[in-house]
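A.B. asks: First to last, the sequence lines map onto chains F and D.
Here the first sequence stands for residues 1 to 114, numbered as in the working numbering.
Here the second sequence stands for residues 1 to 111, numbered as in the working numbering.
By construction, these hints were calculated from the structure, which means they are not laboratory data.
No incorrect hints appear here.
Rough simulated footprint, nothing fancy, chain D against chain F, three-plus residues with beta-carbon under 8 Å: (1) 29 to 41; (2) 45 to 57; (3) 100 to 112.
Once the Cα atoms are required to be at most 25 Å apart in a straight line, the calculated DMTMM-like pairs of lysine to aspartate or glutamate come out as: (4) Lys106(D) - Asp38(F); (5) Lys77(D) - Glu66(D); (6) Lys57(F) - Asp95(D).
From the derived model, a few chain F residues whose C-beta atoms are all more than 10 Å from chain D: (7) Lys17; (8) Ser24; (9) Asn26.
Think of the CB as a built atom: it goes at the ideal place given N, C-alpha and C, for glycine as much as any other residue.
What follows is each chain in one-letter form.
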Amino acid sequence: EAQVTQNPRYLITVTGKKLTVTCSQNMNHEYMSWYRQDPGLGLRQIYYSMNVEVTDKGDVPEGYKVSRKEKRNFPLILESPSPNQTSLYFCASSHHRQENTEAFFGQGTRLTVV
Amino acid sequence: AQSVAQPEDQVNVAEGNPLTVKCTYSVSGNPYLFWYVQYPNRGLQFLLKYITGDNLVKGSYGFEAEFNKSQTSFHLKKPSALVSDSALYFCAVRDNYQLIWGAGTKLIIKP
Chain F
1 EAQVTQNPRY
11 LITVTGKKLT
21 VTCSQNMNHE
31 YMSWYRQDPG
41 LGLRQIYYSM
51 NVEVTDKGDV
61 PEGYKVSRKE
71 KRNFPLILES
81 PSPNQTSLYF
91 CASSHHRQEN
101 TEAFFGQGTR
111 LTVV
Chain D
1 AQSVAQPEDQ
11 VNVAEGNPLT
21 VKCTYSVSGN
31 PYLFWYVQYP
41 NRGLQFLLKY
51 ITGDNLVKGS
61 YGFEAEFNKS
71 QTSFHLKKPS
81 ALVSDSALYF
91 CAVRDNYQLI
101 WGAGTKLIIK
111 P
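Between the sequences and the hints, there should be enough to build the whole structure, so can you do that?
C.D. replies: As structure tokens, this is what we get:
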């Protein structure tokens with residue numbers, strides 16, 4: 001089954017404690033991205049990657065890091081989480097070179113930073 | 001700059017009535033338009049897309065969308081709403097490899 005898998009689904013952590021949210025896709029997609037979703041603000045892109053070892057900042061990259069060492073994985077790293085990073089996070093993937101294809105989303109990770 | 005607007009934060013519809021969720025866009029060139037739905041505690045699911053051709057696009061769960069180039073709109077519609085259609089709906093337009101998103105519209109279907 002084609003899918004994007006995020007882990008964990010729920011996470012409560014304390015300010016400053018490094019964390020990683022994993023994302024994996026099994027569709028051989030080149031393009032992967034991370035979004036955060038906040039009430040009234042819709043989806044905002046954090047980082048994206050067009051292929052292995054190619055990453056770039058989205059609209060709200062501050063406080064986040066990513067890596068793309070393998071095509072299927074695109075982890076999101078919060079080196080020193082702060083309460084304003086409490087949010088719902090989504091990973092998505094799609095074929096980069098085909099503009100008419102849809103994106104596939106993970107189930108989401110609800111992060112609370114206290 | 002490319003943009004997508006969903007002018008209604010919330011739409012309330014009685015079960016069995018037709019529904020419309022509005023979306024307008026601003027892009028240069030030909031638009032690739034998408035609708036996604038988010039059910040509570042779930043990720044976004046693809047509903048339908050407009051690439052080219054027929055202005056009326058049919059998608060999942062009985063939804064359809066009408067592309068109107070002159071009005072730069074891509075409204076989501078369904079002839080008869082179900083309570084289970086209650087969810088958050090997002091419109092998006094493709095800009096090269098990125099998706100530009102609307103803020104979302106909460107659809108509430110009342111029995």
